[in-house]
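Undergrad: Residue strings, one per chain:
Number of protein chains: 2
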Amino acid sequence: MATSALRTAAPASPWEPASTRAQQREVKRNAVLQTAAQLFNERGFHATSLDDIAERLNVSKPTLYYYVESKDQILLECVRTALDLMHDGIEAVRAAGGSAIEQLKACMRIYTGVVTQDFGMCVIRIGEDPLPEPLKTELRQLKAGIDRQFRRLIADGVAEGSLVPCDPKMAAFMIAGALSWVGRWYRGDGELTPEEIADQGIELLLNGVLQRRMAARKKAAASTPPTKTPRKKGKA
Amino acid sequence: MATSALRTAAPASPWEPASTRAQQREVKRNAVLQTAAQLFNERGFHATSLDDIAERLNVSKPTLYYYVESKDQILLECVRTALDLMHDGIEAVRAAGGSAIEQLKACMRIYTGVVTQDFGMCVIRIGEDPLPEPLKTELRQLKAGIDRQFRRLIADGVAEGSLVPCDPKMAAFMIAGALSWVGRWYRGDGELTPEEIADQGIELLLNGVLQRRMAARKKAAASTPPTKTPRKKGKA
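These protein sequence lines are chains A and B, in that order.
When we follow this note's numbering, the leftmost residue of the first sequence carries the number 1, and every step to the right adds one.
When we follow this note's numbering, the leftmost residue of the second sequence carries the number 1, and every step to the right adds one.
It should be emphasised that the hints constitute simulated quantities derived from the structure, not laboratory data.
Please note that the accuracy of each hint is not assured.
Just so you know, same-sequence chains aren't split out, so a pair can sit in one copy or run between any two.
Claimed, not checked - In silico DSSO-like cross-links for lysine-lysine, where the CA-CA straight-line distance does not exceed 27 Å:
| hint | residue 1 | residue 2 |
| --- | --- | --- |
| 1 | Lys-61 | Lys-169 |
| 2 | Lys-136 | Lys-71 |
| 3 | Lys-28 | Lys-105 |
| 4 | Lys-143 | Lys-71 |
| 5 | Lys-71 | Lys-28 |
| 6 | Lys-61 | Lys-136 |
| 7 | Lys-136 | Lys-169 |
| 8 | Lys-71 | Lys-169 |
When you get a sec, could you build the whole thing from the sequences and use the hints?
TA: Here's what the structure looks like:
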């Protein structure tokens, strides 16, 4: 966009070139969506009015209507933008190839990155529930597509031997669930950056929290077939 | 005396004893709350009216008011009941003692059990957000108390050596987050029972999904000193 704006060697007109105007409109439209997402996330969808959004942007409600049609449409676009970001990110990871485990980690990173942004938080905190059909179904299908990608990556990881045999559906629910929850508790002014949260989340979810050496010790000590859950001697 | 004996030989009153009436009222009140929770979970809080609740119970709205004051009060009670269930369950586990890892598993089981029930689902799907202060803060404090218990158990698990050194706050967020998410996707008519989901969740979250032998193999290949992670024979 910037390039094409430069290319039009502008005559001295009091109007900006059409491309610039379109660009400015897009910038303003995004500001409306972003501010709306922030308010939805802070107060909830139903508790946020178009007046609230206009007020925070220092514009009148009629001005808002130049950029968006309704609150429903705003929510739709916020959620769709975030889901598209996830989807495109995951597609890019898939297309780049590599081992399933590395792809899974990259996708977990993308997922965390999105749910810690305004639009992504909107997916988690508000979601498609308040929207009428067929919008609700449209967004659910986008979500289901992302879920399928996680399941496929986990199944591929099991097939390549990097992941333990498990039910990919359940594992995807647990992994994406834990990362989705980040969108509930994340605060922009918190201690950790989204990248640090992603790193710790990947570590915790892939490696688990169990201390392995105990399991190994227990296995060595016990003559029974090895179990995965180590037991500690009661301290009581 | 004969007179008093006759008197106790109950005359046929058309009214139930007060205790029975109180009990029946409680049963009906619970039915109102349960039905409301189901509707909130299906349609969302704002999209559910007291008329909807009355309709599903085949009663009039004035009848509802005999049992509850308002929609806000219903949500408060649904969420509070579920959080109390979690809290009491966790307290009982803590009181019974035993190793931190076993207590953690028991608490994960309780948590999953609650979020797969109508009231617990309400905590996850609706939460305290729609409620005014000070109710919102009251419920947030209950939630924070449960979160603290998970953090403490994880810290205890690290201290007793059953869990890997980790940030208990982040680990609690990931574990409780993954299990909270169950309340989003769980369906009563789904393939798995809440108990099976808890079993798989505990397995996946505590052990992680990573196949250990790969890590071990990689480390061995990198000629680093042997690690504590147990190795399995490769199948690849």
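Undergrad: Could you run down the list of hints and mark each one as holding or not?
TA: Hint check results:
no.: 1; hint: Lys-61 - Lys-169; verdict: neither (45 Å within a copy, 42 Å between copies)
no.: 2; hint: Lys-136 - Lys-71; verdict: both (14 Å within a copy, 25 Å between copies)
no.: 3; hint: Lys-28 - Lys-105; verdict: neither (35 Å within a copy, 50 Å between copies)
no.: 4; hint: Lys-143 - Lys-71; verdict: within (21 Å within a copy, 30 Å between copies)
no.: 5; hint: Lys-71 - Lys-28; verdict: within (16 Å within a copy, 38 Å between copies)
no.: 6; hint: Lys-61 - Lys-136; verdict: within (26 Å within a copy, 30 Å between copies)
no.: 7; hint: Lys-136 - Lys-169; verdict: within (22 Å within a copy, 34 Å between copies)
no.: 8; hint: Lys-71 - Lys-169; verdict: neither (34 Å within a copy, 36 Å between copies)
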